[in-house]
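Residue numbers (the numbering used here), protein chains in the order written: chain H, 1 to 124; chain X, 125 to 351; chain D, 352 to 895.
These are calculated hints, taken from the structure and not from any lab test.
It should be emphasised that the depicted structure is a prediction, and the values quoted were computed from it without experimental measurement.
Note that the Cβ used here is the ideal one computed from N, Cα and C, for glycine as well.
One or more hints might be untrue.
What the hints assert, rightly or not - According to the in silico footprint, chain D covers these stretches of chain X (three or more CB under 8 Å from chain D):
| id | region |
| --- | --- |
| 1 | 154 to 163 |
| 2 | 176 to 188 |
| 3 | 275 to 287 |
| 4 | 340 to 348 |
What the hints assert, rightly or not - Computed list of lysine to any residue pairs in SDA-like fashion (alpha-carbon distance at most 25 Å, straight line):
| id | chain 1 | residue 1 | chain 2 | residue 2 |
| --- | --- | --- | --- | --- |
| 5 | X | Lys248 | X | Glu270 |
| 6 | D | Lys452 | X | Lys248 |
| 7 | X | Lys253 | D | Met573 |
| 8 | H | Lys85 | X | Gly225 |
| 9 | D | Lys458 | X | Lys248 |
| 10 | H | Lys85 | X | Phe163 |
| 11 | D | Lys458 | X | Glu317 |
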Amino acid sequence: MSATTQAAPAHPPEREGHHIVPLWIYFLVFAVLLLLTYVTVWVSHHDLGSPEILPDVRVHLNVIVAMLIAITKATLVVLFFMHVKYSPRLVQIVVGSSVIWLIILIGVTVSDYFSRGWLGNPGT
Amino acid sequence: MSAVASHAPSQDAPPRGLAHHFRDLDQQQSAATLGMWLFIAQEVMFFGGLFLAYTIYRSEYNDVFTIASHHLNVQMGAINTAVLICSSLTMAIAVHAAALGHRQQIVLFLILTILLGGVFLGVKVVEYKEKFDHHLVPGPHFSGHELKLEGDRERHAQIYYSLYFAMTGLHALHMIIGVPIILWIAWRAWRGEFSAAYNAPVELVGLYWHFVDIIWIFLFPLLYLIS
Amino acid sequence: MSERNNYLTNGYGVRSWLLTVDHKRIAILYLVSITLMFFIGAAFAACLRLELATPQGDVFQPETYNKIFTMHGVFMVFFFLIPSIPAVLGNFLIPIMIGAKDLAFPKLNLLSWYLYIFGAAFTLYAMVSGGLDTGWTFYTPYSTAYSNTAVISTGLGIFIAGFSSILTGLNFIVTIHKMRAPGLTWFRLPLFVWAHYATSIIQVLGTPVIAVTVLMVAVERMLHLGFFDPALGGDPILFQHMFWFYSHPAVYIMILPAMGVISELVTAMTRKRVFGYEFIAASSLTIAVVGFLVWGHHMFVSGQSTYAGFVFSALSYLVAIPSAIKVFNWVATLYKGSVSWDAPMLYTIGFIGLFTIGGLTGLFCAALGLDLHIHDTYFIVAHFHYIMVGGSIMAYLGGMHFWWPKITGRMYPEWWARVSAAVIFIGFNLTFFPQFILGYLGMPRRYHAYPDEFQVLNVLSSAGASILGIGYLIPMFYFAWSMRYGPKAAPNPWKAKGLEWGIASPPPTENFESQPIVTEEAYAYAEPASKPAGGGGHGTPVPA
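Modelling step: build the complete structure from the supplied sequences, incorporating the hints.
Given below as structure tokens:
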């Protein structure tokens, strides 16, 4: 079966979760992904500094920017290439949950290391 | 509240590809998609353990990690990133074609995806060989000589390279598993098994492949771009 | 009941079983395998209690003793407790309880069983090739750098079995979302289904972390890497974080399905609607989520930050609340119910009492200051055995008795079942209650020898273990006997509500002759003086 492509392309009737993403969106996302890749490499060649936001707490801006770019790229892939923007709520919940659980794993573990010395004996 | 039975006895044969325990293709496809997303969720947690280890050790041994990272080839990493992004595009187009039932397009773009995946793996082989030649593969032959590190700092560098090989290796393994699966789906597409009504296998393999791309989107800056 | 074709008679021969995709047959495959694993783990426990009957280490070498408690833990945790209720009762019942023909992915279900077997095979190989002595917790750097035992093969066995668990969880979640019968809204689901849904979330999100951790341990061991070895720059506390991130939620994998069973039993055996249905359902989900936030309570003395210990302790108190809500609701269901004293009810009441003791002692363990003293003592051992054995295993046995007529089409002998329930209850308490006292007095766990003054309590515990062992063996005999000689069971011998009781015992392969439509709430037991026609199921099967 082949659909004829004319001025108004004939799509099969849309069912829940079966939205057909137009091709131009894919190309646009593709271009943005390549652009962001270039940007992240470019930024890595420049030291953005490490301001001290709290006593004894430095943030290395390069890491933050690199991660923000990566998160943006991943989000674009998830929403458009993987159709999550057009997916049922349940799928979106599954995606959100895996992100949250990853954050729990990394965040809570890191907070142990981060809070060493806050209470109790030095070094613990 | 009562309802009529949901079986329609007027159908002659079940639609092609419908499994016996599902009511209709819609239920089957939505179940399959949900199943694949749950699989991806567990993959996120699987890689997540390594990302956690990376986070802890990078903050602990930041300067050694920086030195070690500089010995990775950023150009190759960037090229690989671009290659995988291209392969995600070709895969997305293949899934699009499947939803429209364009048989030849499905096959073409799945094959393109495989070829791009092959390019990625080829570059990785080159990179790994380079590491091997410079004694940067963790294990009995590891040496910090190339990095001008010794003692404790050499051991920390070995942790960096252990994470490098573990993370990129696990990622590459997922690609190596993915490529034959895509090939199989491409073959099924070529045989005309898919249509606008039934194309879940293509969509599912697409989800898997995009996930593999996303992992690399994070690996690249974390491993290659430590500045 | 006429000899109609049912799932047991639908195909004979090894191939029809080993290549089945019928969820009921797969449940039986699991039943056989996990029973075997249980007895292997129990044999190790028997060896432990034998050694501990005397203060000296006079039965086994100390290194052997280390292997015994390790293998006891590995087999019981990974190959019995985690799969048991979901893989046997869950697999069998969930499609039927929701009015479906099978799980969403029948072939994946069979794959899950093969992965379990494969993992078990690796672990059995590890056992016969010298065993493992690190404790089931694999702490580094001993497991990665110093132990000379079968770390990698056991780890691989656990890794493979872990994927069995993940795929089962995935299958259940999709099934429950997508394959419910018409009219079966979420709040009409049996609580058994809610419990397994919550368990499946844990299986999918938690198990991969231990999988990758075990992989890292294996790789570190093979290549002398430094992920977790301080001598090489690694961090053993990181291992513990990663290990317990899964292994704490794992205990909820072990107890939530049991709670689901108890919810079913308490309502059926009192012929009364369960009290607080929504609370019990919500508490299952709450336990699943909050259970992921408390793992550091296993690490209070590990070197983790005191601040983190304080937060983990507070959260651990929080996670006790939904469990307590369940207990309150079950007791409220029992109140003024028409209590029958059949074996399933005996196991239910046993569960409620023993799980409460286990749960309350869990609060002792969760108290940061107290745990500094009781960590790694027999108090902890007693606490978790009250939950795992007094809780999970009692619920598993209760469920097996309750659904035995449905699964096999035969009734078990009630008198023998009551006797063994009583023997198990007595044996269990005699085994494990003295251990609370021993732990309080300071006896460390994982020790093969102890000071003389602990002997009396240890002898009581070992005596209890013998009685408990007998209690577990008796059902093996009468269940087997019943399959040949037990009276044939009616479709609904308990006159219980639930879709499974509206079909034949044993069920036909396709479960339902026609798609059931659900029109009632769950557990819609009649108030006294009125009785719905039929007496079985809460659906109205519509003829094709």
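Going through the hints against the structure:
Counting residues of the region 154 to 163 of chain X whose beta-carbon sits less than 8 Å from any beta-carbon of chain D gives 6, enough to reach three: the coverage restraint holds. Only when three residues or more bring their CB closer than 8 Å to a CB of chain D does the claim for the region 176 to 188 of chain X stand; here the count is 6, and the claim holds. Proximity of the region 275 to 287 of chain X to chain D, defined as three or more residues with a beta carbon under 8 Å from a beta carbon of that chain, is established by the 6 residues found. Under the rule that three or more residues need a Cβ within less than 8 Å of chain D, the assignment of the region 340 to 348 of chain X is violated, with 0 such residues.
A hinted pair counts as satisfied when its Cα atoms are at most 25 Å apart, and X:Lys248 with X:Glu270 qualifies at roughly 20 Å. Pair hint D:Lys452 plus X:Lys248 does not hold up; C-alpha atoms about 46 Å apart against a cutoff of 25 Å. Distance check on the hinted pair: X:Lys253 and D:Met573 sit about 21 Å apart at the alpha-carbon level, within 25 Å; holds. For the hint pairing H:Lys85 with X:Gly225, the CA-to-CA distance comes to about 22 Å; that is within 25 Å, so the pair holds.
Between D:Lys458 and X:Lys248 the CA atoms are separated by roughly 35 Å; this puts the pair beyond 25 Å, and the hint is violated. Between the alpha carbons of H:Lys85 and X:Phe163 the distance comes to roughly 19 Å, so the proposed pair stays at or under 25 Å and holds. Pair hint D:Lys458 plus X:Glu317 holds up; C-alpha atoms about 20 Å apart against a cutoff of 25 Å.
Checked against the numbered hints given earlier, the structure breaks hints 4, 6, 9 and satisfies all the rest.
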